[in-house]
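Protein chains: 2
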Amino acid sequence: ISVDALKPSDTFPRRHNSATPDEQAQMANYCGFDNLNTLIDSTVPKSIRLDSMKFSGIFDEGLTESQMIEHMSDLASKNKVFKSFIGMGYYNTHVPPVILRNIMENPAWYTQYTPYQAEISQGRLESLLNYQTVITDLTGLPMSNASLLDEGTAAAEAMAMCNNILKGKKKTFVIASNCHPQTIDVCKTRADGFDLKVVTVDIKDVDYSSGDVCGVLVQYPGTEGEVLDYGEFVKNAHANGVKVVMATDLLALTMLKPPGEFGADIVVGSGQRFGVPMGYGGPHAAFLATSQEYKRMMPGRIIGVSVDSSGKQALRMAMQTREQHIRRDKATSNICTAQALLANMTAMYAVYHGPEGLKSIAQRVHGLAGVFALGLKKLGTAQVQDLPFFDTVKVTCSDATAIFDVAAKKEINLRLVDSNTITVAFDETTTLDDVDKLFEVFASGKPVQFTAESLAPEFNNAIPSSLTRESPYLTHPIFNMYHTEHELLRYIHKLQNKDLSLCHSMIPLGSCTMKLNATTEMMPVTWPSFTNMHPFAPVEQAQGYQEMFTNLGELLCTITGFDSFSLQPNAGAAGEYAGLMVIRAYHMSRGDHHRNVCIIPVSAHGTNPASAAMCGMKIVAVGTDAKGNINIEELRNAAEANKDNLAALMVTYPSTHGVYEEGIDEICNIIHENGGQVYMDGANMNAQVGLTSPGFIGADVCHLNLHKTFCIPHGGGGPGMGPIGVKQHLAPFLPSHPVIPTGGIPEPEQTSPLGTISAAPWGSALILPISYTYIAMMGSGGLTDASKIAILNANYMAKRLESHYPVLFRGVNGTVAHEFIIDLRGFKNTAGIEPEDVAKRLMDYGFHGPTMSWPVPGTLMIEPTESESKAELDRFCDALISIREEISQIEKGNADPNNNVLKGAPHPPSLLMADTWKKPYSREYAAFPAPWLRSSKFWPTTGRVDNVYGDRNLVCTLQPANEEQAAAAVSA
Amino acid sequence: ISVDALKPSDTFPRRHNSATPDEQAQMANYCGFDNLNTLIDSTVPKSIRLDSMKFSGIFDEGLTESQMIEHMSDLASKNKVFKSFIGMGYYNTHVPPVILRNIMENPAWYTQYTPYQAEISQGRLESLLNYQTVITDLTGLPMSNASLLDEGTAAAEAMAMCNNILKGKKKTFVIASNCHPQTIDVCKTRADGFDLKVVTVDIKDVDYSSGDVCGVLVQYPGTEGEVLDYGEFVKNAHANGVKVVMATDLLALTMLKPPGEFGADIVVGSGQRFGVPMGYGGPHAAFLATSQEYKRMMPGRIIGVSVDSSGKQALRMAMQTREQHIRRDKATSNICTAQALLANMTAMYAVYHGPEGLKSIAQRVHGLAGVFALGLKKLGTAQVQDLPFFDTVKVTCSDATAIFDVAAKKEINLRLVDSNTITVAFDETTTLDDVDKLFEVFASGKPVQFTAESLAPEFNNAIPSSLTRESPYLTHPIFNMYHTEHELLRYIHKLQNKDLSLCHSMIPLGSCTMKLNATTEMMPVTWPSFTNMHPFAPVEQAQGYQEMFTNLGELLCTITGFDSFSLQPNAGAAGEYAGLMVIRAYHMSRGDHHRNVCIIPVSAHGTNPASAAMCGMKIVAVGTDAKGNINIEELRNAAEANKDNLAALMVTYPSTHGVYEEGIDEICNIIHENGGQVYMDGANMNAQVGLTSPGFIGADVCHLNLHKTFCIPHGGGGPGMGPIGVKQHLAPFLPSHPVIPTGGIPEPEQTSPLGTISAAPWGSALILPISYTYIAMMGSGGLTDASKIAILNANYMAKRLESHYPVLFRGVNGTVAHEFIIDLRGFKNTAGIEPEDVAKRLMDYGFHGPTMSWPVPGTLMIEPTESESKAELDRFCDALISIREEISQIEKGNADPNNNVLKGAPHPPSLLMADTWKKPYSREYAAFPAPWLRSSKFWPTTGRVDNVYGDRNLVCTLQPANEEQAAAAVSA
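Note that the protein sequences, when read in sequence, are chains S and H.
Residue numbering for the first sequence follows our numbering, beginning at 736 and increasing consecutively.
Residue numbering for the second sequence follows our numbering, beginning at 736 and increasing consecutively.
Hints listed in this document are in silico derivations from the structure and should not be mistaken for laboratory results.
Among these hints, one or two may not hold up.
The list treats identical chains as interchangeable, and a pair is accepted whether it falls inside one copy or across any two copies.
[Unchecked claim] 35 Å max Cα-Cα, derived DSBU-like pairs, lysine-lysine:
no.	residue 1	residue 2
1	K1534	K904
2	K1353	K1654
3	K1145	K1112
4	K1113	K813
5	K1030	K1353
6	K1065	K813
7	K1353	K923
8	K1627	K1653
9	K1094	K789
10	K1145	K1030
11	K1229	K1653
12	K742	K1145
13	K1563	K1378
14	K1229	K1654
15	K932	K818
16	K932	K1378
17	K789	K818
18	K742	K1094
19	K1534	K939
20	K742	K813
21	K1229	K1534
22	K1563	K906
23	K1172	K1229
24	K1172	K815
25	K1229	K1047
26	K1172	K742
27	K813	K1172
28	K813	K1047
29	K1144	K742
30	K818	K742
All figures in this text were calculated on a predicted structure; none of them were measured in a lab.
Next up, chain S with everything else stripped away, as it sits in the complex (with noise of 0.2 Å):
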């Protein structure tokens, strides 16, 4: 027996990457190759080809799915949980097992992507407005967005509004010190892009006489858990024509008078502390809220009401055109993927808990707080701080440090401010006991005459009554109607059947790279030696975690062709920045100070021209020739032009068209002759991985999105993570953090940190291992096959369809990359049909359509990826093809152009069980287009919504009962 067949049978890419060798033969000859190796080697261009892509050890040839889990158990045993009082934004929490398992553990809800097709994402549109209703109606603010990426990047965010307010005249921005130092280093980073000066004062000595200052940035409570009166403070500061900005706690906020009653103008922070984890730094939901007044300068995506084509209420993206895939280089920010799974399980967890739950929650911490506080006077070992506080307690003492080993020993985590200063913050998981065993630490060794439950009479409140709230919050009967588990099951599987997911079809939106999130990839994000890790825990209690970074920045590096990696930005768009800021610091750091000028193509992806504005970058755009490839002559040209102040080219390859542009090394080499350096945009790197790479092509810097091509979920619109690796002069500019130093793995000689770019060290550690047990069990090859398949599917779909859609753009030799375009601009005359009405018309054959009117307007971007079927692809075509079909009907006239099946379209039950069927096709035509549908299918639950109605009237929270909810919630 040959030994092969006695290697463990579980092996995954055979599970991962689709065709069989079989289909893959068929599928390459249907597109005219002989074989895939021959369709690959006319598509991707010789000059950029590597001969071969190797990994070390084991992950060579790729771990089994056992193996891998056996790995990944080793790496959770090196990880050390201690119970942590660190604080500083993250705190322990009780995940509800029902969300844990019904959400996080859930492909039906963690497989979609951002609700672009409302029709079908009904379910989690309504989620996010339950999110931005709790953001609302906590923080006393009438705006929120449907969530940012964590709560240093919300303040600068909001920093970036004051500028925008202002209107950029007034170029300084004050930062009160009793805010978290990671939110501070962060802001100040992102100022250093819009020459924004940051100035970090004691809230005492705040001055707004330089008349420079256009907002103020204050904690509520302090990062050393003081809860101040800011009535004054913002009057003042409205006085001097300064926006103030307020970083705040949800759960504080059920007990502490809320920023919007200060009259604070913008409010950021965590929804971490409510149902989701600490993993280690992210991910975790954080959120903006601000005025009517300057609702359309709010970063981020935003939950809107509007109604649909039979006005009926139903939810939609809202004030679109201000976001970066429309306003490009004048968008508010670069915000496109967020953290909507992590929004969705916060909002969750206050349905469940609702007002008396939340409130009984906050008023147990701050009660083990005040009591903690009561005991320490008692023992009289040290002071404490003689401030009202909410969960956490400042204490001064002799040897700070002393007392911190000794918690240490008792695997208890403080927070060490200074020599003198320690602060204990407590949380929803913290028990009586804790707080004993924190007597016996600060006793330092003198015996303790009580406990914390003899000491629960005589602490009643540390809050003064004009700080405690007074307002209600959460009386919307969906906080009500909820509070047990079957309830809550209930609510949450009522939505999840409103969503098409990967567990219904293929989602083919070009340049998102929809694959599989496999299950043996997600099952480690939920273990508590990964979940329940503190982000400024001591490094050497978390082995398991850094091994696991060790070893994916190697591996990533093989893969990009790059020197070193930094895992700290915490989304595509973040990775973007920072690869622009690590540029702009080695231009600096080489007092090139002038060079800012950023080259970037027509057809680059919006967050491109949005993260250069971002970094202070002078946008010049270069177009593209009639083949779709950049325009080499005119990128000459732009480059000689700018030889002085060229700071970069951001360039995606193969490019946004979906090809592989032939001149791609030499569109480099001009680069560096004109003294720039390359940026590569990661989206397209599942064309690359084992082919080519950014490093063999001549890029300096490019950002990963693992949530594409490494396969962490998208979520419904987030968490992703957007790494960036770089050549060897870069490295030391790589990001670090001011509470938990880190940058470049494998570590470069000497470094100089950009600053910081994420709130956390490294970004969203907890669905690092998503990306790592991919890489670790597919192997080199199973890599490279991957890439194969997935240019081979995208060929095979244009070979399908080209005969009905005409496609756009194509390479060389006729074949197209991983993804490709197909044209429907022809048909707006033909038939008066849009891209969007074959979209909603995809929905009735149960599949979500393609990415609509990107890079070309009129046009749909297909990308299968390698995790597709021969089955399903074929599927997806006979789909669009019968829709081509419908159009025909029009444009011989057969149908109304007004009043077809594609324009009625979606078609929901409601619809077409209506007892009067007035259109001019029959009810069955449009249910059952096709014959899979009649075994199972997908319901859209809306008629199409109307997006014009819901931007002229903006409602982003939810609305006060309709009946249905109000009788439920009376006899709830």
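We have chain S; now place chain H onto it with these hints.
For chain H alone, coordinates are given in the frame of chain S:
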């Protein structure tokens, strides 16, 4: 601040018990009582009311959800999982993660019950049909049922079939000694009841000359691994009119000539090694296949193909007329709840691997065993049995115990057959390294000059061509289309979306207690330290399980008022049988062999008489009075008439009519006075916990349905667990086990066990954590409240419905227990409406119907349980009241008795959207008869299924591909 306010906030009872304190008062008043307690006091008879129930230690107050997870992690850490080579019917297997997460950890697959309502169960019905096809294809016999409890009881059911086939005329059953020891013991226990004689003999010495042999059981491959050619053996048996039963192994049958091709009459075995964890004994799906000739004598559920009202293919349970709930004591077996969830996992494993995948796993396992045997021969330290084998190698050596101990030091478990014999069983998870480790173990100090890898080329095959399988299997497209994770994920979700579950709405099946299956209770079930434990591992390796058993035993004794518990019976019906066999053993021990009369009320559950028949008891039925209570005089007469031969009374309390009979304690006295023992059926324990108890009432033994009262999910038709509690005098007789001795918990002083009931010592041990965590988190107060609220919810619904549907039986004070019966018999004449019509119409309202026509024909029995909110109870009542209105339209002549919205129900989308609508009622009224359906609705996927057609045209395996699948298969 109060100490209570500082207690942990993630308490569980409020998440499980639905009614809030306000709602409890509100609903009690609605029923005419001041508060909940006065309602309970007037419902539960004073004479049997417990004043309180107290648990010991931490369990009384109950643990919070996070404390429970911590406690279970601590228990898990006490389980030492060695690498098992024990085999004997239990093998390590790689549970494909996509099946683990999307079925075993998915409430949309595990919260339904048996697919009684076919139109909202087509998903699991298709998967169970796939399971039946796997079994028929691999065994080579044409008919299979949808799963039995375990291999041991499946063999016993086959023995009973042989007895029935020979019409009870032949009273000897021969078992070859090459069967697994637990199978032999279970058959012996079972034979006792049928007064069959079991003769265990070496296969060479089998002798039918007595002419009294009805059947013979052999194992293929044998328990020590040998693969024998049964060709002649079967011919010889048939020549003597003896039926041949073969116990076999599914993985072996991908390489070995199938039993059907030897002419075997019945084939049994376990599907465990097809992707279901060993779980210290279960749950696993066992199988039984037979010929067309004996199909009507098969035990258990059988899925058949039929058509729906529109002629479309639809699946349903076939041949129900032979089952226990209809044929009662004449039933072929007492099987009710089986192992549906595990059968679905086994089927999906076969779908995911397909015929080639399964064969390559088998060849690998066989190859590793072959290389091991080869290596041992080279070592020369032991003799290898010189017979063909599949996965198990028999080794004889001078000191087997020494080798066993050396292996244990390397955390390897071998099977010690006797002091000179060891068998080593290889499985899907064995690796080449494992084989090398085994060489070291057997080398007893000698250096090993080779590696498993180096020997591979020297081994080919240990199976003679005469026994090598030639016939194809699993050729249907379903086994050849879903081999990537995306494809299987979508197939699982396609089926999932066809089945209504507790994720959609309450399922008020009377006497099924469909309460919450909380996530915290389910999480430990898939932790490796619980899943990967072999049932015959030395007990000291399973101290986590053992500590849990001890705690659970004590808790159940406190709840039931009994002195000792056996956790071995692995279903409700198995518990009933075990309870009666304990009574039988008790009488025997006192010389009362003649005591074989069993008094059973006519209203008892069908499994009662079926179980009594299995114990060879003579059943004496007693009637019920007008109020539905047991006719005490009739019972007294029956008891006195049979006082010399009275064995037992089987009684359910509260009665199956949903009423607390006042005279239950008197009934127990009557039985005891006449020498009988009282067996109490635990089906209605949800109305007893904390309020009364079987022990307190006077019962001697009772079985509990952990899958009803104690939260093990119903799994779509299993798994269940039926442990039995006994008073002191019956404790010695509790079943033990031939391989791992067991018995009552707490252990009685002396033991004389009645034999073995289930194949594994502690039944389906893996799902015991579910009931353990439920009890431990609820605490004594929470459990008592649960019973009170279950009774409150039932009375509230009865009160709301009574003016629309007559409530058949009420207690002395006009209240009902935890369930109640509504009488629909009147509608037959006034509107031609049957209970089935109401159940099908309820589907259009998004609900699963209550229990139909049992215990009283023409009625519906409703059991809400304590975990349904008032809002959900109101919604279900509103649906029934709306249907009552629809019935009155027929009564008033406004609707045609043969063509109305009830007779036409359920209405699937395909019908509602048909171009032509010929019904005399509107589409919208059929589709959306209630307001809540507009915001979200679960759609039945077929019209009403034709049961008669299905039984007449019996098809119980997958049909040759229909076009859609054939086309897909061609392209796959």
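The hints, checked one at a time:
Taking CA atoms no more than 35 Å apart as the test, K1534 paired with K904 passes in neither setting, with 55 Å inside one copy and 72 Å between copies. Taking the shortest Cα distances, K1353 and K1654 never come within 35 Å of each other, neither inside one copy (53 Å) nor across copies (69 Å). Taking the shortest alpha-carbon separations for K1145 and K1112, only the intra-copy value of 22 Å comes in at or below 35 Å, while the best inter-copy value is 55 Å. In this assembly of identical chains, the alpha carbons of K1113 and K813 never lie at most 35 Å apart, being 39 Å within a copy and 41 Å across copies at closest.
Taking the shortest Cα distances, K1030 and K1353 sit within 35 Å of each other inside one copy (27 Å), while across copies they are farther apart (81 Å). Taking CA atoms no more than 35 Å apart as the test, K1065 paired with K813 passes in neither setting, with 47 Å inside one copy and 61 Å between copies. Proximity of K1353 and K923 under a CA criterion of 35 Å is satisfied intra-copy only: 21 Å inside one chain copy versus 88 Å between copies. In this homomeric assembly, K1627 and K1653 come within 35 Å of each other (Cα to Cα) both inside a single copy, at 22 Å, and across copies, at 33 Å.
With identical chains, the CA atoms of K1094 and K789 are at most 35 Å apart between copies only, with a shortest distance of 32 Å across copies and 55 Å within one. Within a single copy, K1145 and K1030 get their C-alpha atoms no closer than 48 Å, and across copies no closer than 66 Å, so neither meets the 35 Å cut-off. Proximity of K1229 to K1653 under the C-alpha cut-off of 35 Å is found in both arrangements, the shortest distances being 30 Å within a copy and 32 Å between copies. For the identical chains of this complex, K742 and K1145 are inter-copy neighbours only, at 22 Å across copies versus 45 Å inside a copy, given an alpha-carbon limit of 35 Å.
Within a single copy, K1563 and K1378 get their C-alpha atoms no closer than 43 Å, and across copies no closer than 93 Å, so neither meets the 35 Å cut-off. In the homo-oligomer, the alpha carbons of K1229 and K1654 lie at most 35 Å apart both inside one protomer (29 Å) and across protomers (30 Å), since each shortest distance falls under that limit. For the identical chains of this complex, K932 and K818 are neighbours neither inside a copy (38 Å) nor across copies (63 Å), given an alpha-carbon limit of 35 Å. Taking CA atoms no more than 35 Å apart as the test, K932 paired with K1378 passes inside one copy only; the shortest distance there is 28 Å, against 100 Å between copies.
For the homomeric pair K789 and K818, the shortest alpha-carbon distance between copies (33 Å) is at most 35 Å, but the shortest distance inside one copy (41 Å) is not. When the C-alpha separation of K742 and K1094 is checked against a cutoff of 35 Å, the pair qualifies only between copies, where the shortest distance is 14 Å, while the shortest distance within a copy is 56 Å. In this assembly of identical chains, the alpha carbons of K1534 and K939 never lie at most 35 Å apart, being 69 Å within a copy and 67 Å across copies at closest. In this assembly of identical chains, the alpha carbons of K742 and K813 lie at most 35 Å apart whether taken from the same copy (28 Å) or from different copies (32 Å).
Taking identical chains as interchangeable, the C-alpha atoms of K1229 and K1534 lie at most 35 Å apart only when they sit on different chains, with a minimum of 29 Å there against 40 Å within one chain. In this homomeric assembly, K1563 and K906 never come within 35 Å of each other (Cα to Cα): the closest approach is 48 Å inside a single copy and 84 Å across copies. Taking identical chains as interchangeable, the C-alpha atoms of K1172 and K1229 are never at most 35 Å apart, the minima being 44 Å within one chain and 52 Å between chains. Taking the shortest Cα distances, K1172 and K815 sit within 35 Å of each other both inside one copy (19 Å) and across copies (31 Å).
Proximity of K1229 and K1047 under a CA criterion of 35 Å is satisfied in both settings, with 18 Å inside one chain copy and 28 Å between copies. When the C-alpha separation of K1172 and K742 is checked against a cutoff of 35 Å, the pair qualifies only between copies, where the shortest distance is 16 Å, while the shortest distance within a copy is 51 Å. Proximity of K813 and K1172 under a CA criterion of 35 Å is satisfied in both settings, with 25 Å inside one chain copy and 26 Å between copies. When the C-alpha separation of K813 and K1047 is checked against a cutoff of 35 Å, the pair qualifies neither within a copy, at 54 Å, nor between copies, at 57 Å.
In the homo-oligomer, the alpha carbons of K1144 and K742 lie at most 35 Å apart only across protomers (26 Å), although the nearest pairing inside one protomer, at 45 Å, exceeds that limit. Taking CA atoms no more than 35 Å apart as the test, K818 paired with K742 passes between copies only; the shortest distance there is 18 Å, against 42 Å inside one copy.
When held up to the earlier numbered hints, the structure conflicts with 1, 2, 4, 6, 10, 13, 15, 19, 22, 23 and 28 and fits the remainder.
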